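Peer 1: Spelled out, the chains give:
2 protein chains.
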Amino acid sequence: MSEANAVLIGRKPAMNYVLACITLFHGGAKEINVKARGRAISRAIDVVEIVRRRFLLDVKIKNVDIGTQQLTSTEEGGAPTNVSTIEITLTR
Amino acid sequence: MSEANAVLIGRKPAMNYVLACITLFHGGAKEINVKARGRAISRAIDVVEIVRRRFLLDVKIKNVDIGTQQLTSTEEGGAPTNVSTIEITLTR
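Keeping their order, the protein sequence lines are chains A and B. Taking my numbering, the leading residue of the first sequence gets 1, the next gets one more, and so forth. Taking my numbering, the leading residue of the second sequence gets 1, the next gets one more, and so forth.
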């Protein structure tokens, strides 16, 4: 899958990412991936819901994928930690 | 769908809900729904990932559903607020 149309959700307000999604769709994207991990996951779902319910009513959720990413500790001898991830594929 | 096998994720540590899921499966459940809303959504995904990667390796994610719930304000004249929801169906 092409990574060109990925929106990675971070700590900014949800509306910033909503605008990123709308801009991609208006630029002709047929499919975009909204990705988040850890505590940003709930914001990712907020973003998807705002996009498809308030702005682009023809956008559908094609797939929701959840998983785990292992982060290696930066400290020496530190145990790796697991973080949950989500990837939501939207199509128009 | 029967609501008998639902695990509603709240503010407790993830392990409490992991134990609830394992108990349901050990009690013979073939399918359980893990539900959360708002900021508990990321914890719901942590719970699902811990259950299926650490404890019950035969558990599969059947479906992930995301949505919006409208909450009516308790104050008079208060605007209703929207909260994102997730429902993850696990089967064994």
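Wrong hints could be hidden among the right ones.
Remember, identical chains collapse to one label, so a pair may be satisfied in a single copy or spanning two.
Stated by the list, open to error - No farther apart than 27 Å at their CA atoms in a straight line, the calculated lysine-lysine pairs in the BS3-like style are these:
no.: 1; residue 1: 35; residue 2: 62
no.: 2; residue 1: 60; residue 2: 35
no.: 3; residue 1: 62; residue 2: 30
no.: 4; residue 1: 35; residue 2: 12
It should be emphasised that the hints constitute simulated quantities derived from the structure, not laboratory data. Being a predicted model, the structure only gives us computed values, none of them experimental.
Peer 1: Compare the structure with each hint and give your call.
Peer 2: Hints versus structure:
Proximity of residue 35 to residue 62 under the C-alpha cut-off of 27 Å is found in both arrangements, the shortest distances being 14 Å within a copy and 20 Å between copies. For the homomeric pair residue 60 and residue 35, the shortest alpha-carbon distances inside one copy (16 Å) and between copies (21 Å) are both at most 27 Å. For the identical chains of this complex, residue 62 and residue 30 are neighbours both inside a copy (11 Å) and across copies (26 Å), given an alpha-carbon limit of 27 Å. In the homo-oligomer, the alpha carbons of residue 35 and residue 12 lie at most 27 Å apart both inside one protomer (14 Å) and across protomers (25 Å), since each shortest distance falls under that limit.
The structure fails none of the hints (numbered hints given earlier).
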